[in-house]
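> Assemble chain B onto chain A, guided by the hints.
Residue numbers (the numbering used here), protein chains in the order written: chain A, 1 to 485; chain B, 486 to 852.
Treat the hints with caution; some may be incorrect.
Stretches of chain B that chain A covers, calculated by requiring three or more beta carbons in the stretch to come under 8 Å of a beta carbon on chain A [as the list claims (entries may be wrong)]: (1) 577-583; (2) 592-600; (3) 805-817.
No lab work stands behind these hints: they were computed from the structure.
A virtual CB, placed ideally from N, CA and C, is assigned to each residue, including glycine.
Here is what each chain is made of, one letter per residue.
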Amino acid sequence: MNEAILYPVNDFGPLMKGLSIGGLGIFHVFTAHFAIGGGLLLTYFQWLAMTGRCPPARRFMEGYFRTLVLISFVTGALTGVGMWFTSIQVSPVTIGQMIDEFHWLWAVEWTFFCLEVVAGYCAYRYGSRLTDQAKLTLLALYSFAAWMSLFWINGILSFQLTPGVWLETRSIWHGFFNPTFFPSLIYRTIAALVVGTLVAMVAINMASGFTREERAELIYRAALLMTPMALMPLLGLWFVGAMPPESQGWIMGGSMAMTMLLTISVAASSIVGGYAIIGLVRRRLYINGATATVLCVLAFAATAGGEFVREGVRKPFTLRDVLYSNSVRPEEVAKLRVKGLTSVDPYPLRNEKDLPVLDGAPHPRLKTGALVFRQQCSVCHTLAGVNALPHLTTGWDADMKRQNFAKLQKLKAFMPPFAGTPEELEGLVQYIEWIQNGRPQDWPDSLGEAGRSKLILDRIHTWLNEAGTEPNLVRPRHLKQGEGK
Amino acid sequence: METVFPFGLPFATGFYLFFYVLTLVIHVAFMNYVLAGCGWIAIVRPRAGNDTRSESTRILKDWLPLMLSGAITAGIAPLLFVQILYKREYYTANLLLFNRWMAILPILIVGFYSLYLLKSYWLKSRANWIIAVISSVPFVCVAFTGYSWTENHLLSVRDTNYWSEFYATRSQVYSESQLIPRLLVWAFGSIPTMCLILAWQHWYRGNGRPALLAKVALVGLLLVSGAAIGYHEVTSDTVNAAFVSTLAIPYFVIAILGLVLQVAGWVWLLRQKQFSFTGLVVTSVGLAFTLVGMTVCREAVRIHTLGKERFESLYPVHEEAFGRGGFLVFLAFFVINAGLIGLCFWLVRTKTLPVADAQHGASIKSL
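Isolated chain A, as found in the complex:
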């Protein structure tokens, strides 16, 4: 059975599926970054305390560590599992392929996660009674394990955008150490330091029992961990340079949504970085709780923008050159243009009874269209909500819809090619038209009359052929269909 219809598809209502995984992803990434950065900060503070460089660091650590445990060990861990579950809800085929490909590397990550939990709890629970050296060792192990967890997950995530030579060799290591692996890893490491430090600055202001001078000393010491932010612009350029050309185009104005989100991310990072390096480190300014909280919010905004862009620039793929967003594989498109999928979908249409009846049965065109929408469109589009297809095609007449759907990848390069028969495409056109017209109970069959039907289908067929079955991307010659892939 074709993977695109292997699984039941849920309706997220007005919520775009990508938003749900993006929303949880941002939250998880932020808490995971906090776990790493917080661990590194604690290790650094422990060293400062035991070497006498910053005596108040010892008193500060316990309260901060409690925050770390309560946030990252609970919410961080569970949202991590939640990412898995959400990925299954949004695109089971994608996560299934990733699991098949990288399960042993995920298992490696799990061994580090176990170490992270054990070392973290040991340091937290027995920290007050451990020798300084033992506590430092435990904190260093915790930080190392947390960072290594990032190391492994980063390879798997960056693979989705830039699988690189894996496409030819299918070597797990070529996939893992892909072109965006290192810029992404270093960037995320710095981001983790920033999040850990900013939360520390809020905590320093909230903690009781410190003099103003002690707080200032702690803030200055913590701010030093943010100085690598100076490298972020270079890392950003490195990452963008390693991205596929189309993805570069979309963040540089090709897709306004992605350009805006990137701008938010860059602007927020610049404010945080500028304040940290110039204000806190060079001028040794004091930062109060309110300002630290604002900077935390900005860091969250930067993370949010960055994660949405990371998810978005993969379009039209979820796994570059391997799997389109709608779970259709590029090499299957030509076959699906002939055979289609709607007639073999094992899952019924849930809203079939809402469709007009034609000759005693649900309207065949609308039923087909609803199934096409569910299979091919619903992963990114809704019917009445975010990125709603009826809204996006407002003003298009039926012929415009036929032509644009048939030449989808030509219309927008971040759309995959239509993967169905001309009849299925006509079904989708009719379904969208029907919704745009207020879902009337009477709806004519556009293919009911033989002569007109042939005319419509021939025209769609021609447009589909003109568009071809390949995505509209700048692709190396060897990746074009039939040439060695």
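Showing chain B alone in chain A's frame:
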């Protein structure tokens, strides 16, 4: 399927199944402690701080957040393997149960934080009804998660036609006659596990009364036996046949032998004034037998329910996944990180100040 688990299966399938069962057993041990421990807390309703009614309650209250963290961490490994072994089945059940299934995440977060709340001094001065409510929250949350997993598992072994019909109904609640008895077998089975781990914790400190825990464990064993009979009565012949199939029969026997050993161990401990090492070891061997035996039987039931043809159709998928590589790297890091975890325990054991009330070697207070 005609030989004893995991022999006779293609190498890749047997390999993944072996790792799945192994990691699931570890997860179950943690999970049992958490489920039964939360049940204990819900009944005893402890006050916060040190105002607790017994040493056992104090240990549970102190350790439950860590053990829940352990259960989640240990649960990731079998979650990974189940996706390789039964990808379509598992994903489909997830998708069909949709929001109801996803609800386990926020509910577990609530349960987790309520365990920390039980340790807070804020709770100490609250009214009794507030303490009662908060003491019940972790159990309700963990029990709901267990119920959801059972529901998910049972739905995952249905066929495509059933899935299709279920999808059409828009229902997000699945039920069948064996759901509750099956859930009760696992739920009651958690009681002896929790009692034994708790008993080891008492032994480590040299405190606690064996009689109380032995009685609770024996009641648990009695309940699990009753639930098992009920499960046998309501399930299909296919399920019952799985337990006595060639694939599972030695493990079924081992599980029963384990039950007998546990009963013998607890009865012996019941008469003791202190927890004895020998008695705990015998009971632990019994528990290990039961957990491993029942986990393999659980898998045999799944394989029999899926049917030979459907299960064998998964072999190529396992074979393909096995060919992807990375196993040796995993093995290397597994050994290294196991060593580093050992180092953590060693540091805690040797690099802390000695505490007077640690009786059996540790300098660890309030473990």
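> Are there three or more residues in the segment 805-817 of chain B whose C-beta lies closer than 8 Å to some C-beta of chain A?
holds (count 8)
> Report holds or violated for chain A covering the segment 577-583 of chain B, Cβ cut-off 8 Å, minimum 3 residues.
Coverage by chain A holds here, the residue count being 5 at a Cβ distance below 8 Å.
> When I compare C-beta atoms, does the segment 592-600 of chain B have three or more residues closer than 8 Å to chain A?
Since three or more residues must qualify, the claim that chain A covers the segment 592-600 of chain B holds, with 4 doing so at under 8 Å.
Going down the numbered hints, you'll see the structure goes against none, and every one checks out.
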